[in-house]
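Here the protein sequences line up with chains S and D, keeping their order.
Per this note's numbering, the first sequence starts with residue 488, numbered consecutively.
Per this note's numbering, the second sequence starts with residue 1117, numbered consecutively.
In case anyone wonders, no lab produced these hints; they're calculated from the structure.
Each hint should be verified, as a subset may be incorrect.
[Said to hold, decoys possible] Derived lysine-lysine pairs resembling DSBU-like cross-links, with alpha carbons at most 35 Å apart:
1. D:1322 to S:558
2. D:1178 to S:713
3. S:705 to D:1146
4. S:599 to D:1185
5. D:1243 to S:599
6. S:705 to D:1268
7. S:631 to D:1178
8. D:1310 to S:713
9. S:705 to D:1269
10. S:722 to D:1248
11. S:585 to D:1248
12. D:1310 to S:578
13. S:713 to D:1269
14. S:599 to D:1146
15. S:563 to D:1286
16. S:705 to D:1178
17. D:1310 to S:599
18. D:1243 to S:585
19. D:1269 to S:558
20. D:1269 to S:599
21. S:563 to D:1249
22. S:578 to D:1322
23. S:578 to D:1269
24. D:1249 to S:585
25. D:1146 to S:578
26. D:1310 to S:558
27. S:558 to D:1185
28. D:1248 to S:558
29. S:578 to D:1243
30. S:563 to D:1146
Keep in mind the model is a prediction, meaning the values are calculated, not measured.
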Amino acid sequence: MSFVSKAFSRAARAFTPAVRPITSVASPLAPGVFSDPLVAGFATAMQSYTLPDLPYDYAALEPVISADIMKLHHQKHHAAYVNNLNAALEKYAAAEAKRDLQGMIQQQSAIKFNGGGHVNHSIFWTNLTPKGQASSAPSGKLAKAIETEWGSVDKFISTFNTQTGAIQGSGWGWLGLNKESGRLQIHTMANQDPLSTAGLVPLLGIDVWEHAYYLQYKNARPDYLKAIWQIVNWKNVEERLTQASP
Amino acid sequence: SFIRPSLITFSIFRICRSMSFVLPDLPYAKDALAPHISEETLNFHYGAHHRTYVTNLNNLVKDTPNQDKSLEEIIRTASPGPLFNNAAQVWNHTFYWNSLAPNAGGEPQGAIRDKIIENFGSFETFKQEFSKKATGHFASGWAWLVLNSETKKVEIVDTHDAGTVLTDPKYHPLLTCDVWEHAYYIDYRNARAKYLDAWWSLVNWKFAEHNLHAVYELKRRKS
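Looking at chain S on its own, in the form it has when it is part of the complex:
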């Protein structure tokens, strides 16, 4: 196979559709792909991440989370992560094309911050649902697993809220699956670090960056944490558990 067709088949294998699975972040393309100018433009288009639509209207989560917050959170904060991620990936690709390793390393924190922000928020929007549509409690496999770990859903929520409330600065509280042990875990993450870096599969995340609640709850993070369980989409959490379970 010629170099050009080899590069194309590598690119073809690396290609994933524009609508990305929301729990994954594509890894940078195999080195050397961009050095072929025929591939570079094609591959750049592949790299663009897009802001997912919310599964509901901005006002749908009221009164728990206001429309003002939802609009800002989605259109400003999440959108900025997506834009900054794309910009960082473009710079990374350009550095990679020149085999500029230092340039590549320089982009890694921006990719982690903004990529993490994109991953986390994409999960978050699906973890929530309007109050009228939310089931009041988990059921089936998820309920069983929660009861096994914490005794009851109430105990789980109280433990989750204590740990998440205690996060210093900006971060997230997560319910995750430890695939190795098959057990559920509560785990907090700082900044926008994705839960995957802690070796867990994210099932349910609660954003406790101040932008997630400040306009409504001000410094009363515990009040926000108490209220948010009214709009947790247990069905979505169950689906994620099913998807992640062997």
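Following the hints, position chain D against chain S.
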């Protein structure tokens, strides 16, 4: 004996050993920084956030050996965790209120101006770099203008979450800017860059000058 000579005009002190830390008064009225920083922001930032750090700190030191330590001592000796976080945030916020003033802002004069131009080339370059550091800090933290006693230069550093330059003996703090979201969300929502514009309209150069002179004075006494 607990009103220690300090590099900075304010001090969070106790009158006697058994008293708890107190939230220092704001150096100005709550509406004095408007329209750059609103009264509403100060009501929450000072009245709720800063006050809560003080309350938490008092609860954490009560009936422990730490209740006899000064605030700076606690910050310098505490391991990472709630005690450090609350103590550092008490100190950071007090330094922040003093870094702002009504009818202030603009460009510095005197020794601090000379030092900035000496180390950054121009005030404009310094301003751009400080704004870049402050707006670019990811998530919660602080941007500082410090005198680095090792390089003898004024420098811009950022700290994360409750981090403070107090824990690094080579850094002498001159000014700080809070970039936690609670510092600007009420007035500027996500637009941290706009908040920095406001900060430049309020920056208290007199405080920075005082802090710089205090470092020089301390060095003069030591030599």
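Do the hints match the structure? See the list:
no., hint, result
1, D:1322 to S:558, "violated (41 Å)"
2, D:1178 to S:713, "holds (29 Å)"
3, S:705 to D:1146, "holds (17 Å)"
4, S:599 to D:1185, "violated (40 Å)"
5, D:1243 to S:599, "holds (28 Å)"
6, S:705 to D:1268, "violated (41 Å)"
7, S:631 to D:1178, "violated (42 Å)"
8, D:1310 to S:713, "holds (32 Å)"
9, S:705 to D:1269, "violated (39 Å)"
10, S:722 to D:1248, "violated (43 Å)"
11, S:585 to D:1248, "holds (27 Å)"
12, D:1310 to S:578, "holds (26 Å)"
13, S:713 to D:1269, "violated (48 Å)"
14, S:599 to D:1146, "violated (39 Å)"
15, S:563 to D:1286, "violated (38 Å)"
16, S:705 to D:1178, "holds (28 Å)"
17, D:1310 to S:599, "holds (25 Å)"
18, D:1243 to S:585, "holds (33 Å)"
19, D:1269 to S:558, "violated (44 Å)"
20, D:1269 to S:599, "holds (32 Å)"
21, S:563 to D:1249, "holds (20 Å)"
22, S:578 to D:1322, "violated (42 Å)"
23, S:578 to D:1269, "holds (32 Å)"
24, D:1249 to S:585, "holds (28 Å)"
25, D:1146 to S:578, "violated (45 Å)"
26, D:1310 to S:558, "holds (19 Å)"
27, S:558 to D:1185, "violated (46 Å)"
28, D:1248 to S:558, "holds (26 Å)"
29, S:578 to D:1243, "holds (26 Å)"
30, S:563 to D:1146, "holds (29 Å)"
Hints 1, 4, 6, 7, 9, 10, 13, 14, 15, 19, 22, 25 and 27 from the earlier list are contradicted by this structure; the remaining hints agree with it.
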